[in-house]
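Student: These protein sequences, in sequence, are chains A and B. So in the working numbering, the last spot in the first sequence is 806, and the numbers never skip. So in the working numbering, the last spot in the second sequence is 276, and the numbers never skip.
Be a bit skeptical, because a hint or two may be false.
From the structure, some residues in chain A lie toward chain B, with a derived Cβ separation under 10 angstroms [to be verified]:
1. Ile476
2. Pro591
3. Gly630
4. Ala701
If you want the footprint, here are the derived chain A segments under chain B, 3+ residues with CB under 8 angstroms [what the hints assert, rightly or not]:
5. 490-503
6. 538-547
7. 612-626
8. 649-663
9. 731-741
To be clear, the hints were calculated from the coordinates, so they are not data collected in a lab. Small disclaimer: the values here were computed from a predicted structure and weren't measured. Every residue, glycine too, gets a C-beta built ideally from N, C-alpha and C.
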Amino acid sequence: MAPGPILEFEKPFAALEEEIQGLEKVQAEQPGDLSAEVAALRRTLVEMIRKTYGGLTPWNLVQVSRHPQRPLARDYIDYFVSDFKELHGDRYFGDDAAMVTGFGKIGGEKIMLIAEHKGRDTKERVACHFGCPHPEGYRKALRAMRLAEKYALPVVTLIDTPGAFPGIGAEERGQAQAIAINLMEMARLRTPIVSVVIGEGGSGGALGIGVGDRMGILQYAYYSVISPEGCAAILWKTAKLAEAAAASLRLTPQHLLELGIVDEIIPEPLGGAHRNPRDMATTLERKLVGFVRQAKRMPLEKLLARRYERIRSVGKVVSDPAALVALNAAAAAEKAEAAPANGNLPLDAN
Amino acid sequence: MAKTTVHAATQEKRVPEGLWLRCPGCENMIYRKQVEESFGLCPDCQHHFRLTARRRIALLADEGSFEEMLADLRSADPLNFTDRKPYAERLVEEQKKTGMLDAAVVGKAFIKGRPLILGALDPDFIMGSMGSVVGEKVTGAIEKAAETHLPLVIVSTSGGARMMEGIISLMQMAKTSAALARLDDAGGLFISVLVNPCTAGVAASFAFLGDIIIAEPKALIGFAGPRVIFQTMKRELPEGFQTSEFLLEHGFLDMIVERPNLRSELAALIDYCGK
Ligand SMILES: [Zn+2]
Chain A
457 MAPGPILEFE KPFAALEEEI QGLEKVQAEQ PGDLSAEVAA LRRTLVEMIR
507 KTYGGLTPWN LVQVSRHPQR PLARDYIDYF VSDFKELHGD RYFGDDAAMV
557 TGFGKIGGEK IMLIAEHKGR DTKERVACHF GCPHPEGYRK ALRAMRLAEK
607 YALPVVTLID TPGAFPGIGA EERGQAQAIA INLMEMARLR TPIVSVVIGE
657 GGSGGALGIG VGDRMGILQY AYYSVISPEG CAAILWKTAK LAEAAAASLR
707 LTPQHLLELG IVDEIIPEPL GGAHRNPRDM ATTLERKLVG FVRQAKRMPL
757 EKLLARRYER IRSVGKVVSD PAALVALNAA AAAEKAEAAP ANGNLPLDAN
Chain B
2 MAKTTVHAAT QEKRVPEGLW LRCPGCENMI YRKQVEESFG LCPDCQHHFR
52 LTARRRIALL ADEGSFEEML ADLRSADPLN FTDRKPYAER LVEEQKKTGM
102 LDAAVVGKAF IKGRPLILGA LDPDFIMGSM GSVVGEKVTG AIEKAAETHL
152 PLVIVSTSGG ARMMEGIISL MQMAKTSAAL ARLDDAGGLF ISVLVNPCTA
202 GVAASFAFLG DIIIAEPKAL IGFAGPRVIF QTMKRELPEG FQTSEFLLEH
252 GFLDMIVERP NLRSELAALI DYCGK
C-alpha cells in the first residue's frame with residue numbers, strides 16, 4: 457500500500473492514487489467498465505513518479521533517505537535474514553538499541569550482521585536515539601566483528617544513522633575513542649566486510665561500521681562528512697540553507713560513485729524503497745549475497761591488501777601547483793556537466 | 002632551515018598584536034614577549050596559548066634536527082566547493098595567512114637525542130581541519146615510522162574533518178587509522194599528544210589511537226562540540242566537561258603534561274617503549 461503524502465513532492469502522487477481508488481470503488485459498486493480509465497490513470501501515476509524522481513535534487517534525496525516509512529534495518533532482517541540470533545551488549549556498559557548485531561544467514565551464507573537501526577514507532581525511536589549510536593553501540597559492533605573473525609564469518613553492515621550521538625554520556629564514555637578503534641580494527645579484521653548505506657550515512661557515525669571490502673549504497677540514500685543542516689549552520693550560520701549545503705557536499709550515490717567512495721548503486725523500487733519495501737528487500741538481499749560470495753572467493757591476504765589499498769588511496773593531493781590547476785578545472789567541469797540542477801540521478805530500474 | 006623566520010611570522014597571529022595582551026585564563030594583562038619566550042604560557046596562570054605547527058615542532062625537536070617530509074603537498078578542490086568563497090580561493094588565502102600549504106607538518110627529528118617521526122597539526126589553517134593533505138601527511142608519517150622502526154609522535158589540534166572536501170575528508174579518518182593498524186602490527190610506538198582543541202574527525206581517528214595518549218592541561222577534547230551537545234541535551238553541561246582533566250578522570254588519557262615538560266616526558270616514554 458502506498459504511504460500517505462509525507463513529502464511535498466509526493467503529494468501529487470497521493471492525489472492521483474485517491475482518484476484511482478475512487479474509480480475502483482465506483483467500478484465495484486456500479487455497472488459499467490472503467491478498467492481502461494483506471495489503467496490510464498495508473499500509467500499517468502507511474503509516469504509522474506518516474507519524472508519526479510528523475511529530477512530529485514540532492515536535498516530531496518536526503519528527504520527520501522529520511523522518509524518515515526522507509527524500510528529500516530530490522531525490516532530487512534525480518535525480510536531476508538534467516539535464523540537471526542541477536543547478540544546483545546558491549547560487555548562494558550550496556551546494550552545500544554541503535555546498533556543491532558547478530559548471527560544470521562542470507563542466501564544460505566552464514567554471516568555476522570551489524571546494523572544501525574532508527575526505530576519505527578515513537579517508543580522505539582527514543583530507545584534507539586533516532587539511530588544515533590553511543591560508544592557502547594560501536595563497542596558492541598566491534599565485539600561482533602571479533603567473533604566473526606574468530607569463526608571466519610563475513611561481516612555485513614547496514615548503515616543508517618544521522619550521526620553518532622552527541623551527548624554527555626556519549627562523551628563521558630569516549631565516543632571519539634570508540635569510533636577510532638573501530639576504524640583501526642576494521643582495517644585489519646581478518647574476515648570479509650561488506651557494507652551498504654540503506655538510508656543516512658551520517659559522518660563518523662556511519663564510518664564507524666563502514667570500513668571494508670565493498671561498499672554499496674541504495675539509490676536514494678546519502679553518505680556525507682556532515683549533515684546538510686550541520687554544514688549550513690557552520691558555513692552560512694543558518695541551518696535553513698541545508699538545501700544548498702546538500703548540493704555542495706556531493707553526497708548523492710552518483711557523486712559518491714564518481715568520487716570512488718562507493719562501488720555500486722543499488723536501485724530502489726519506483727518512487728523509493730518506502731513505496732515497495734518487499735521489492736527493495738529482495739534487491740538488497742540479492743546484492744548482499746553477491747558481495748559476500750565475491751569477497752569470500754578472494755584469498756584472505758589478497759583481500760586485506762586490497763582493503764588497505766582501497767582505504768589508502770582516497771585523497772586528492774598534488775605537489776605540483778600546475779597540476780593543481782588542471783585537477784581543479786577538471787573537477788569544476790565534471791560538476792557542471794554532471795549536475796546542472798544537482799539532480800541527475802540514474803533513473804530507477806523499474 | 003628557514004623555520005625560525007616562519008615562526009616569527011606565524012607566532013604573531015597566534016598571540017594577539019601589541020606589547021600587552023589579556024590572558025583568557027586569568028584575565029590579567031601580560032607582556033606578550035614573556036608569553037612567546039615561555040612556551041606560549043601565561044606567566045601568571047600558565048594558560049596554554051595555542052601554537053602553530055612549526056612553533057610546536059621547534060619547541061619539541063632538538064634544535065636544527067627537524068627534516069620535513071611531504072612538505073610540498075597541496076590539496077585539490079575535488080568537490081569544486083563554494084561556501085562564502087570558493088574553497089580553492091580559501092586555500093590560497095589560508096596559505097598566505099599562515100605561511101603553510103595546509104594544516105600539518107611532519108618529518109624526522111630528534112628529541113633529546115632520540116630519533117623519531119614527529120608531526121603537528123596547525124590550529125590556524127582552517128581550524129586544523131583534516132582534508133586530503135593532512136590525511137596524506139599523517140599517513141605518510143605513520144608509514145615512515147613503520148618503515149624506519151622509529152617512534153611516532155603526533156601533536157593534534159583540530160576542529161575535525163574538513164567539510165569543503167566532503168566525503169573525501171571523512172575517508173582520511175579511515176586512511177590514517179588503517180595506517181596505524183599496520184604500524185601497530187609492526188610493533189611500532191605511537192604517542193598521541195592532544196592539545197586545545199582536538200575534536201570530531203581527528204579525535205575519532207588517529208588522535209585517539211595512540212599506544213600512549215597525552216594531553217596538555219585544560220584542552221577541549223571530544224567527539225561532538227559543546228554547542229551541539231548542549232542543543233541535543235537541552236541542559237547545562239557538567240563542570241569541566243570535555244577538558245583534559247575530565248578525560249583523564251574518565252579513563253581516556255594516560256597523563257596530562259604541561260607544555261614545558263612535554264619534551265622530557267616524551268623522551269622518557271620513548272626510552273621505555275623504543276627498541
Ligand atoms: Zn593567565
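Student: Work down the list of hints and note, for each, if the structure agrees.
Tutor: Evaluation of the provided hints:
1. For isoleucine 476/A, the interface hint is violated, the least distance from its beta-carbon to any beta-carbon of chain B being 41 angstroms, above 10 angstroms.
2. For proline 591/A, the interface hint holds, since its Cβ comes within 10 angstroms of a Cβ in chain B; the closest pair sits about 9 angstroms apart.
3. Satisfaction of the interface hint for glycine 630/A is found here, the shortest Cβ-Cβ separation to chain B being roughly 5 angstroms, below the 10 angstroms cut-off.
4. Given hint, alanine 701/A at the interface with chain B, holds; its Cβ is 8 angstroms from that chain's nearest Cβ, closer than 10 angstroms.
5. Coverage of the segment 490-503 of chain A by chain B is violated [criterion: at least 3 residues with CB-CB distance below 8 angstroms; count 0].
6. Against chain B, the segment 538-547 of chain A contributes 0 residues with a C-beta closer than 8 angstroms to a partner C-beta. That does not satisfy the three-residue criterion, and the hint is violated.
7. With 6 residues having a Cβ less than 8 angstroms from any Cβ of chain B, the segment 612-626 of chain A passes the three-residue criterion, so the hint holds.
8. Using a Cβ-Cβ cut-off of 8 angstroms, 3 residues of the segment 649-663 of chain A lie near chain B, which meets the minimum of three, so the contact claim holds.
9. Under a criterion of three residues with beta carbons nearer than 8 angstroms to beta carbons of chain B, the stated coverage of the segment 731-741 of chain A fails, only 0 such residues being counted.
When each numbered hint is compared with the structure, violations occur for hints 1, 5, 6 and 9.
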